[in-house]
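Peer 1: Listed below, chain by chain, are the residues.
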Amino acid sequence: MDFLLSEDERRFQESVSEFAKRHIEPRWIEIDEKGRIPLELIKSMGDQGLFAIPVPDKYGGMGGTVLMAALAIEEIAYHDPAVAVAVYALLNNGWPLALSLFGSEAAKQEILPKVASGDAFFGIGSTEPQGGSDVAGTRTVARRSGNKWVVNGEKTYISGVREIQELPAGGGFFLVSKAESAEYGHRNMVDFALLPKWNGKMRDGWKPTVYDDIGRHGLSTGGFKLEDFEVEDDLRIGDVGKGFYLLMEGFNIARVLVAAATIGSARWALDRGAEWLRSRRLFQGRPLASFEGISFRFSELYAELEAAKYFVYRAAWMIDKTYLENPPRFKPKDLNVPVSLAKMKGPETATRIYEEVLKWLGAYGYTKESAVYRGWLGTFSYTIGAEGTQNIMRYIIARDVIGSEYVSHTG
Amino acid sequence: MKILVAVKPTFDIGQLKFEKDGTPLLDACPVSLGEADRCALEEAMRIKERLGATVAAATVGSSEAHYKAIRDSYAMGADEGYLVKADDPWKLDALSVASAIARVAAATGPYDLVLTGSGAGDTHASVIGPMIAGILGIPLIAGVDRLEVRGPGVVAGTCKLEDGSYTYEARTPAVVTVTSEANAPRIPNLRAILRSKGMQIREMSAEELGVDLRRLEPLSVRKYEIKRKRIIYKAEDQKGAAEASAELLAALRSEGVLS
Amino acid sequence: MRVLAYADNRSWAAQLASAADALGGDAAVFVPGRELADDAAKLYSEVFFSGLGPFEPVSYSAAFSEAARSFKPDLALLPCTNKGRSIAGLYSSAAGIRSATDVISLSARAGDSSITVRRLVYGGRAEAEFLMSAPAAICVVQGSYPERGPRGGPGQVHEVPAPDPASSVDFKPKRREGAQPEEAEVVVVAGRGIRSKEDLELVKGLARALGGAWSVTRPLAADQGWADSWVGISGLVVSPKLYIGVGVSGQPHHMMGARGSKIIVAINKDPGAPIFEECDYGIVGDLYAVVPELLKLLGGKGGDR
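Residue numbers (numbering that gives the first Met the number 0), protein chains in the order written: chain A, 0 to 410; chain B, 0 to 258; chain C, 0 to 304.
Next comes chain A alone, as it looks inside the complex (with noise of 0.2 angstroms):
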């Protein structure tokens, strides 16, 4: 067992900490502040190859693993704590790798090279107005008419939904719905890649709004109806009746990203609660740092941490023998309690360390000049549940660790 990251990991990593160092930490603070991420900043992150990292070569994406792109986002968010280019990101690394794994050659032809182009932007589509928790109630419903689908349905809470609107190419979501009708199960689940806004063009029937979010403000999270959204067949991912089963396995990839960023953005935070404690002196001279009380704080949230840490890197890991090695050494089930652990994990250290290190500043962590807060505000979002909440986090653990005839409650 080599715990350590190859050579090419770490030049890899490397890589995307000086290019972070560069064009996003002198800006993270304003695009926090302004509400957006600079057009030119996404274009130049599509240059440097920081989108579709685990996406193959043929489709326009870097051809790497998805532990390298978890480095990549926890660089990012080291560099932005506030993590809205963090996040931007990580569901443009993702979702893209999820369409890659299972939709059809001419969506993949068509949609990936200008989303590794940083053109284009892929996120996810699955919660709605009734419920985000619970897929299986999904009321959108997709309705075949020849070779294309009428979409119906309303989504809540998407990040992304004012910046494809605003990217050259375009972009959309990983749509989850139900084929011909509503009613509630697995049964008839369809994913679909949806594209209100494709090549410049705004497709009819995509009706947006943009929310106003607590923090993460540089991307915009809102909602959209569809009102008879006509989609091809061939954006169709996967078949009819896979689609509950593909979106938890987008979601996993998703999941150990999100874990990623919060984890990047705490480091950030424990780091400046480091040097406030060498620096800060109270009480005829002494550091911070030599009370025991606070030291001993600062150790156990860094246990917290790495321990976050290896949960990502582990379940990133398998994640790549899952999916990237031939033949795979897991199946997809075997990733969902290591991811859950990662997500479970990050989020609440983040939130843990913020709390604490924003303790230790007192009241000048109070002032929007120490900026911390907006670092506690961007990866609290997460601990409030995007993405898959933390409570789903603890279900999974409990029904594949205990067993899912005592676990679960949907029989």
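Simulated from the structure, these hints should not be mistaken for laboratory data. The C-beta atom is built at its ideal place from N, Cα and C for all residues, glycine as well. Heads up, some of the hints might be wrong.
[What the hints assert, rightly or not] In silico DSS-like links for lysine-lysine, alpha-carbon gap of 30 angstroms or less:
{"hint": "1", "chain 1": "C", "residue 1": "Lys261", "chain 2": "B", "residue 2": "Lys222"}
{"hint": "2", "chain 1": "C", "residue 1": "Lys268", "chain 2": "B", "residue 2": "Lys19"}
{"hint": "3", "chain 1": "C", "residue 1": "Lys171", "chain 2": "C", "residue 2": "Lys203"}
{"hint": "4", "chain 1": "B", "residue 1": "Lys238", "chain 2": "A", "residue 2": "Lys20"}
{"hint": "5", "chain 1": "B", "residue 1": "Lys233", "chain 2": "C", "residue 2": "Lys203"}
{"hint": "6", "chain 1": "A", "residue 1": "Lys320", "chain 2": "B", "residue 2": "Lys238"}
{"hint": "7", "chain 1": "B", "residue 1": "Lys67", "chain 2": "A", "residue 2": "Lys57"}
{"hint": "8", "chain 1": "B", "residue 1": "Lys228", "chain 2": "C", "residue 2": "Lys240"}
{"hint": "9", "chain 1": "B", "residue 1": "Lys196", "chain 2": "A", "residue 2": "Lys20"}
{"hint": "10", "chain 1": "C", "residue 1": "Lys203", "chain 2": "B", "residue 2": "Lys228"}
{"hint": "11", "chain 1": "B", "residue 1": "Lys233", "chain 2": "C", "residue 2": "Lys268"}
{"hint": "12", "chain 1": "C", "residue 1": "Lys240", "chain 2": "C", "residue 2": "Lys203"}
{"hint": "13", "chain 1": "C", "residue 1": "Lys268", "chain 2": "B", "residue 2": "Lys222"}
{"hint": "14", "chain 1": "C", "residue 1": "Lys196", "chain 2": "B", "residue 2": "Lys238"}
{"hint": "15", "chain 1": "C", "residue 1": "Lys171", "chain 2": "A", "residue 2": "Lys20"}
{"hint": "16", "chain 1": "B", "residue 1": "Lys233", "chain 2": "A", "residue 2": "Lys367"}
{"hint": "17", "chain 1": "C", "residue 1": "Lys240", "chain 2": "B", "residue 2": "Lys233"}
{"hint": "18", "chain 1": "B", "residue 1": "Lys238", "chain 2": "B", "residue 2": "Lys228"}
{"hint": "19", "chain 1": "A", "residue 1": "Lys57", "chain 2": "B", "residue 2": "Lys222"}
[Said to hold, decoys possible] Output of the computed footprint for chain B on chain A, the stretches with three or more beta carbons under 8 angstroms from beta carbons of chain B:
{"hint": "20", "segment": "7-18"}
{"hint": "21", "segment": "55-63"}
Since chain A is already given, all that's left is putting chains B and C on it; use the hints.
Peer 2: Coordinates of chains B and C only, in the frame set by chain A:
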């Protein structure tokens, strides 16, 4: 055009730590391709992209960091890589390194340009480039922050020196040293990094090059500290600022540095 | 030790003269122009000069080599400046001799032709002591030796023919407005604590009030473009009586350019800034509060100097 870029891994001196007795902890200090050397590679790549050229990277030393320096040069777009084997490379004297690079140039050239960073980040000796020019007997343009190829066989470089700005024009072959203000070196993407892994590095020995590698053994190396008084005043608010300022000026007057 | 110095201004001629004194033995100097030769003759018993045009390393070092062929030094002493290093590199490779740069002290060993050299390494964070045997070329750090005053009768002056430059030179001299950091007795440096180009006025005003020069750290010049030159390892190396860093954190690259100062003062709101480890006096506070107070107190002494 053929361009040779002499590169060297350097210690990240900002991260260098010392033992209590002042011994530098070099083993624990991160090492990477120097900033000015990367700017030199970037200039070579820009010439390659604009006018067409083959770019070779060369280094002297057998540490893992030296091999990585060539791989990093490949990731930036270099076509060829040469490594002159040498154990204990950090102790090599500057003239030995310059001679080795000059021999590599003679053996694998002829080159129109020999580029290098204008100062190694850790020792900042800035002599390797001039020494290579001296050995090869060709013009030297040292410390450029702008380099242009003005025509076939003619290059020009602008250098900001202590007393003003100098623009030199020389016929190639020439040695040009590049400052870390010359450009923002490209950051290789993952594809370039993965591609560089498989590329061959041509190893050469001092014997085959006919060069004598000499090392300089220091009598001692320790942390450089000038004993300073370290008298610190606190200024928590405007009143504190006024008090601290008064105390500071009084101290400086008694030091005799205020007229 | 027979020493041949290279100097392109009066200050270096005087510094290297005291370095040569410390080694004992005869010393001569090479200067690139007739105008400097007469001044140099007050410091050295033998002066070589060549009627050279604006600085071009190959011709300058060829002329220096010609002087060395005549004087046959054990040691060549040069300024540790961009120009000095280029000449040292060209000269030592042509002569096949060892060289050392960033040297802060030299001493001759009694009885043999070797010298003990202390030089700065690792960006100035460490010093290394070496034994070197003559002949060798040494670049000396600004401020390591004091400027020696004139001594004895005027030295002998020899002209060396000027070789052709290896490159054509187009020289644009720096516009010298006000005191120059390399020459001033007081230098006030602006660091990243200064928030805008307009705020540099605080630093310039303090420099004026103290009768000194102002400069910046590298990021303010190279990244922000607020100045043409900066104090640091890759820029100006200064050794005034008084250095004041205003909002300067004290990174190694910058401190390499300022360490030779007699008294270092730091004003910074971050108590953990590295400069506080290397200063004689420091104020931990907001420079926007402190500098106006200093200016107020110096007010009576401010104005035109």
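Peer 1: All the hints need checking, so say for each whether the structure fits it.
Peer 2: Verification of the hints:
1. C/Lys261 <-> B/Lys222: holds (20 angstroms)
2. C/Lys268 <-> B/Lys19: Cα-Cα ~28 angstroms, so holds.
3. C/Lys171 <-> C/Lys203: holds (24 angstroms)
4. B/Lys238 <-> A/Lys20: violated (38 angstroms)
5. B/Lys233 <-> C/Lys203: Judged against 30 angstroms, a Cα distance of about 24 angstroms means the pair holds.
6. A/Lys320 <-> B/Lys238: With a Cα-Cα distance of about 65 angstroms, the restraint between A/Lys320 and B/Lys238 is violated, given a limit of 30 angstroms.
7. B/Lys67 <-> A/Lys57: With Cα atoms ~28 angstroms apart, B/Lys67 and A/Lys57 stay inside 30 angstroms; holds.
8. B/Lys228 <-> C/Lys240: Status holds; Cα separation ~15 angstroms.
9. B/Lys196 <-> A/Lys20: Within the cut-off at roughly 25 angstroms; holds.
10. C/Lys203 <-> B/Lys228: holds (26 angstroms)
11. B/Lys233 <-> C/Lys268: Distance of about 9 angstroms is within 30 angstroms: holds.
12. C/Lys240 <-> C/Lys203: Within the cut-off at roughly 18 angstroms; holds.
13. C/Lys268 <-> B/Lys222: holds (26 angstroms)
14. C/Lys196 <-> B/Lys238: holds (27 angstroms)
15. C/Lys171 <-> A/Lys20: Status violated; Cα separation ~35 angstroms.
16. B/Lys233 <-> A/Lys367: Roughly 24 angstroms separates the two Cα atoms, so the pair holds.
17. C/Lys240 <-> B/Lys233: Holds, at about 24 angstroms.
18. B/Lys238 <-> B/Lys228: holds (25 angstroms)
19. A/Lys57 <-> B/Lys222: violated (53 angstroms)
20. 7-18: Since three or more residues must qualify, the claim that chain B covers the segment 7-18 of chain A holds, with 7 doing so at under 8 angstroms.
21. 55-63: It holds: at least three residues are needed, and the segment 55-63 of chain A offers 4 whose Cβ sits within less than 8 angstroms of chain B.
Comparing the model with each numbered hint stated earlier shows that hints 4, 6, 15 and 19 do not hold.
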